[in-house]
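Going down the list, the sequences are from chains A and B.
Note that the numbering used here numbers the first sequence so that position 204 is 204, with each residue one more than the last.
Note that the numbering used here numbers the second sequence so that position 183 is 183, with each residue one more than the last.
A hint or two may mislead.
As the list claims (entries may be wrong) - Across the chosen pairs, the derived CB separations fall in these ranges: (1) Lys155/A <-> Glu311/B: 43 to 51 Å; (2) Thr224/A <-> Thr220/B: 43 to 51 Å; (3) Ser152/A <-> Lys11/B: 38 to 46 Å.
In case anyone wonders, no lab produced these hints; they're calculated from the structure.
Using N, Cα and C, we set each Cβ at its ideal position, and we do this for glycine too.
There are 2 protein chains.
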Amino acid sequence: MKKVTMADVAKKANVSKSTVSQFLNKRYQYMGEETKRNIEEAIKELGYQPNFIARSLKQKRTSTIGIIVANIMHRLSTEVSRAIEDFCRSNEINTIVCNADDDPIKEKKYIEMLRAKQVDGLIIFPTGKNQELYKNMVDQQYPLVFMDRIVSDVKVDTVVVKNEEWASRGIQHLIDNGHERIAMIAPPLTISPRIERAEGYKKTLRKNGIDLNPHYFISTEIGTVKKELARLLAGDKPPTAIFAANDLAFLQVAEYVKEKAIQVPEELSIIVFDNIPFAHISTPTITTIAQPSFEMGKKAAELLLLQIEGEGTKPRIYAFDGDLIIRESSESKKA
Amino acid sequence: MKKVTMADVAKKANVSKSTVSQFLNKRYQYMGEETKRNIEEAIKELGYQPNFIARSLKQKRTSTIGIIVANIMHRLSTEVSRAIEDFCRSNEINTIVCNADDDPIKEKKYIEMLRAKQVDGLIIFPTGKNQELYKNMVDQQYPLVFMDRIVSDVKVDTVVVKNEEWASRGIQHLIDNGHERIAMIAPPLTISPRIERAEGYKKTLRKNGIDLNPHYFISTEIGTVKKELARLLAGDKPPTAIFAANDLAFLQVAEYVKEKAIQVPEELSIIVFDNIPFAHISTPTITTIAQPSFEMGKKAAELLLLQIEGEGTKPRIYAFDGDLIIRESSESKKA
DNA sequence: TAATTTTAATAAATCGATTTAGTAAACCGA
DNA sequence: TCGGTTTACTAAATCGATTTATTAAAATTA
């Protein structure tokens, strides 16, 4: 079944392609009532569906944006993507989501692919390792927003959470509950949020006059978290509380705790910096530092659409407040 | 910064557009070494990036497929989408994921949008309510695969799990553990998997000589599950085990159980038909009937790509085996 | 009535690639 | 030396829309 094109509609309605195009774009300025009816009828009879590709080629815009998440397994990625999609949808913009899997090479490939597809702009959770490419886009004034991670040296609108401040609040909460031996578990400190959370952890301990014990600070690949954890907890003076720097680190901690049947919070308190979907129904419920993923996603989308409309302003960083949600996993030792 | 086109490259390399096109498509058959080098250099110097849109228009294929999931909140949707994406990626096909939110109108809009964007084919988790539209696509021989749900009357390749059989196995497991008062909690029975799971539930009880108690069969909107559950458990002869028909239903059950501090499995056993990401680390761990989402996604993608290549065969239903993973939430009463 | 403006519709150029048909030079055997 | 083949490359048509410049008729004004 061959495709019905605008030319077919035009022929059937006895008008020119131009007129059909005007009709489809609702430019009725000087269009006869009868012509309108004829075209409408022809479209219906032939079952005509416009070809977006052809339109995009001429108009030089695809009404599509791309999202490149660093790692789709992070809950934040999916929540933010959802928010972006919702916002774009209500502005008649489509979104394409790609997963770079924390791999700068994949990230580069996706950026090139999406640009080849002429998407009107990109929202990226940057790996941070493609500075050249980022700068290139900035130079070309290509609409671009960074999410979750700050890349210094690249002047782009960036949406993040106040990592240091809210990590600090989480640690303070543990200290207020009587903990002094607090460990932090994090993936390698390769990107800004992890570095900032580590800062918050260290500064807050110091501020409370607690010495930093380097053994309590574990920064390692996800796959080796459990091994490190075993060593830590088997050691002398094991920590009484753990701060998991993100959801994937927490998952490892949770698996370990489950396997070893460690009592939480009696033997070990736990807090997590990230959104955990089942935090409120697990046993025990989990204390989290939540990120306002919906607002962040919406903000990023707004910023990008502004840039696309040519109304972007001087690039800056938009830092959102987190939320410390205290649950059972960090209940007071004295309670 | 205006876009660099093939014409610019051609001019710079002192050849025709055609030659540049040949070069880009690696049709080196009769191309001089020097010409090749010239073109390569021109491309690098100008920073030329091909325009996929223009290519798609001429070639009448976008190398892109669409996925329309019924509800992105179902774990199955995301897992299957991931599998599809992975398979497509390795075949140089891009994917666009859309979420119909269980709404036939949105589903219709997405089908039309994606087809306007000239995607080469669609994988749909059908709401089942757009029969006209589905049939239309079939008639036009548009590449199409259904996932998770069977729509009778529409002859399309369909990938599902053996719902009745594996629901049955789950129920049998509960019966073998000494349960007789088994409730089933499900969303409205509007689509085939839910109907088939209910069949499995009923038939297995009957086969074991257990009378069906209509009060034990709750099929209602997600929002009212907890209320119904409260009534059920407060009633005379409350069930000793619950079969949650999918992940969202289970989430409601889990929340309720948490709120009321019901002991699982001592007071109430639970099994779920669906993939639950934290089933193995929750307390208690959760018995699930898992679906092979990865294989299912891969199969669907394979079927679709075959259709796109024009090598599709007579449409049929591909039913996959599930997997009963027994965990703490359904531990034997007698153990 | 002639000049001007408004209304209605169109022809043709364009977007940036791919593809087909064709050309010209070099080569080659008889 | 001639016809035929191979090699290297190109001009022009095409994909399906949008858009600009243009035309022609009808309505209005002077």
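Here is how each hint holds up against the structure:
no.	hint	in the structure
1	Lys155/A <-> Glu311/B: 43 to 51 Å	50 Å, holds
2	Thr224/A <-> Thr220/B: 43 to 51 Å	46 Å, holds
3	Ser152/A <-> Lys11/B: 38 to 46 Å	40 Å, holds
Every hint, counting from the list given before, is met by this structure.
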